[in-house]
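Residue numbers (our numbering), protein chains in the order written: chain H, 1 to 274; chain L, 1 to 251.
Hints in this document: simulated from the structure, not taken from any laboratory.
Predicted model only: the values in this text are computed from it and were never measured.
Don't take each hint at face value.
[Claimed, not checked] Using 25 Å as the maximum straight-line C-alpha spacing, the simulated DSS-like pairs for lysine-lysine come out as follows: (1) L:75 with H:74; (2) L:79 with H:74; (3) L:124 with H:171.
Okay, here's what each chain looks like letter by letter:
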Amino acid sequence: MLILYAVYRVNDVLVYHWNWSRVFNFVIRVDEDTGALVPNLLLHGLATTLRLALWATVLATIIGLVMGYWRTSKNLTLRMISRCYVELIRNIPPVVFIFIFYFFISSQLFPVIGIEDINKEGALVNNGVFQFFFGNPSLLSNFLAGMLCLALFEAAYITEIVRAGIQSIDKGQWEAARAMGLSRFNVLRDVIMPQAIRKILPPLAGQFITLIKDSAIVSLISIQELTFLATEVAASTTKVFETWILVAAMYFVLCYGFATLFRYLEKRAAKAQR
Amino acid sequence: MNDTDQSIPVVEINGLCKWYGDFSALYDINLSVANGEKVVVCGPSGSGKSTLIRCINQLEVHQTGTIKVSGREVKPEMKGIELVRRDVGMVFQSFNLFPHLSVVDNLTLGPIRNFGMSKAEAKKTAMAYLERVQIAEQADKYPVQLSGGQQQRVAIARALCMKPKLMLFDEPTSALDPEMISGVLDVMIELARDGMTMIVVTHEMGFARQVADRVVFMDNGEIVEIADPETFFNSPVTDRAQLFLSQLLSH
Numbered sequence: 001m002l003i004l005y006a007v008y009r010v011n012d013v014l015v016y017h018w019n020w021s022r023v024f025n026f027v028i029r030v031d032e033d034t035g036a037l038v039p040n041l042l043l044h045g046l047a048t049t050l051r052l053a054l055w056a057t058v059l060a061t062i063i064g065l066v067m068g069y070w071r072t073s074k075n076l077t078l079r080m081i082s083r084c085y086v087e088l089i090r091n092i093p094p095v096v097f098i099f100i101f102y103f104f105i106s107s108q109l110f111p112v113i114g115i116e117d118i119n120k121e122g123a124l125v126n127n128g129v130f131q132f133f134f135g136n137p138s139l140l141s142n143f144l145a146g147m148l149c150l151a152l153f154e155a156a157y158i159t160e161i162v163r164a165g166i167q168s169i170d171k172g173q174w175e176a177a178r179a180m181g182l183s184r185f186n187v188l189r190d191v192i193m194p195q196a197i198r199k200i201l202p203p204l205a206g207q208f209i210t211l212i213k214d215s216a217i218v219s220l221i222s223i224q225e226l227t228f229l230a231t232e233v234a235a236s237t238t239k240v241f242e243t244w245i246l247v248a249a250m251y252f253v254l255c256y257g258f259a260t261l262f263r264y265l266e267k268r269a270a271k272a273q274r
Numbered sequence: 001m002n003d004t005d006q007s008i009p010v011v012e013i014n015g016l017c018k019w020y021g022d023f024s025a026l027y028d029i030n031l032s033v034a035n036g037e038k039v040v041v042c043g044p045s046g047s048g049k050s051t052l053i054r055c056i057n058q059l060e061v062h063q064t065g066t067i068k069v070s071g072r073e074v075k076p077e078m079k080g081i082e083l084v085r086r087d088v089g090m091v092f093q094s095f096n097l098f099p100h101l102s103v104v105d106n107l108t109l110g111p112i113r114n115f116g117m118s119k120a121e122a123k124k125t126a127m128a129y130l131e132r133v134q135i136a137e138q139a140d141k142y143p144v145q146l147s148g149g150q151q152q153r154v155a156i157a158r159a160l161c162m163k164p165k166l167m168l169f170d171e172p173t174s175a176l177d178p179e180m181i182s183g184v185l186d187v188m189i190e191l192a193r194d195g196m197t198m199i200v201v202t203h204e205m206g207f208a209r210q211v212a213d214r215v216v217f218m219d220n221g222e223i224v225e226i227a228d229p230e231t232f233f234n235s236p237v238t239d240r241a242q243l244f245l246s247q248l249l250s251h
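Here chain H stands alone, though its shape is the one from the complex (with noise of 0.2 Å):
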């Protein structure tokens, strides 16, 4: 009922020329050259954020590890830093942090460890394997930096992901295995950690959709991913509604695909366990 009502405002009232197959070339078009359909802005938008969320869920669950690791240790150094970290991440806006962080790493770090020398048009990045992982050479330092924002911030949440995942292990099992005479280095990998692993898979797969979602943010510092084109699509079409919805759906598509893969894997692994 709302979105007929909607869509009546929107048509009589607004007098909005709906145009669809102006946005969706914009998804998808006609090369003049080869005839071909070729993917067009707003898939390469897609791709890319894609691979934001992969790489960032990839380095995030990195340092969330021992992040989340160090949450639980003795030396209370390790604790503190963990703690703190996490705290500052978690109780400022995710915006406001990636502001701050994006010009920080841009004037500071990126010209220290040289990306912006990296040359294009060489081998190591100029091939189908690289583009396909990490998208167009051009745009790396980009896509980098929009990667280490979303990581960071992620990482905090992924840390008490793996920290409540130890946690949860239960105390006689730490010491059984010490008491064997294990190191502790052993009991984590043996005993330990295998055991929090399986706890901490599924939070770890909505964190990954999440960031999914969360990856529009990295739109306001212009990194070239799916919302950001959507509003220079947008804008230079001024087929707002369309742009939106479509990309609304593009979303929709993508983190209702994933969570319907990971609900299939997690059955599998419950069905395996038995």
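The hints should help you fit chain L onto chain H, whose structure is shown.
Coordinates of chain L only, in the frame set by chain H:
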């Protein structure tokens, strides 16, 4: 220090005290356990029995007094506590088997990681101990598939795989259904007959009578009476011991 010197007490505790804030968990514990001796520790709940044996392998830390295992002193936060723990096997009330590993993997983990044994060699040892506790046919099962009595026997075999000089039992049958208790106790009796030095915290007085060389009675964190089973069960010296036994026997 000769590790195989039979005359050094396996455990020597002097003046052991442990407290949590105002609460005294252990007070002035003095106990010496000789090689091959079986000591049963009994007493009411909260008397510090479990705390005492957990201090021996430093699962609990003590504040004053000394604990020596085979002549080596164990101290809180000491480096090399792992080496001491490899000589001391422990069996817990709640079994504490590793659920993500199969029975045989539970047993081989210690020898592989601690002694660098090969998987094949460790498996051979493991199977031998599984035979000894009469559970070899369950070798490839996972703990969740076993009954409580079976799990505890696996736990005993797991502790034995490290070839310890001393076995500590913390109420090994308290979490078991009655019909499984005798299965586990039989394994422990066998172990005792084979000459293992054992300290057993238990409420199973029949086991104590049969196997113990000495019975240590504790109450309120102190050792109240130490005696051989005959003396302890038939003519206990202290009032508290008499009270405890009368309560036990009235069931």
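Okay, the hints, checked on the actual structure:
Restraint check: the Cα-Cα separation between residue 75 of chain L and residue 74 of chain H comes to about 18 Å, which is no more than 25 Å; the hinted pair holds. With a CA separation close to 15 Å, the supplied pair residue 79 of chain L and residue 74 of chain H stays within the 25 Å bound. Distance hint between residue 124 of chain L and residue 171 of chain H is unfulfilled; the C-alpha atoms sit about 30 Å from each other, more than 25 Å.
Checked against the numbered hints given earlier, this structure breaks only hint 3.
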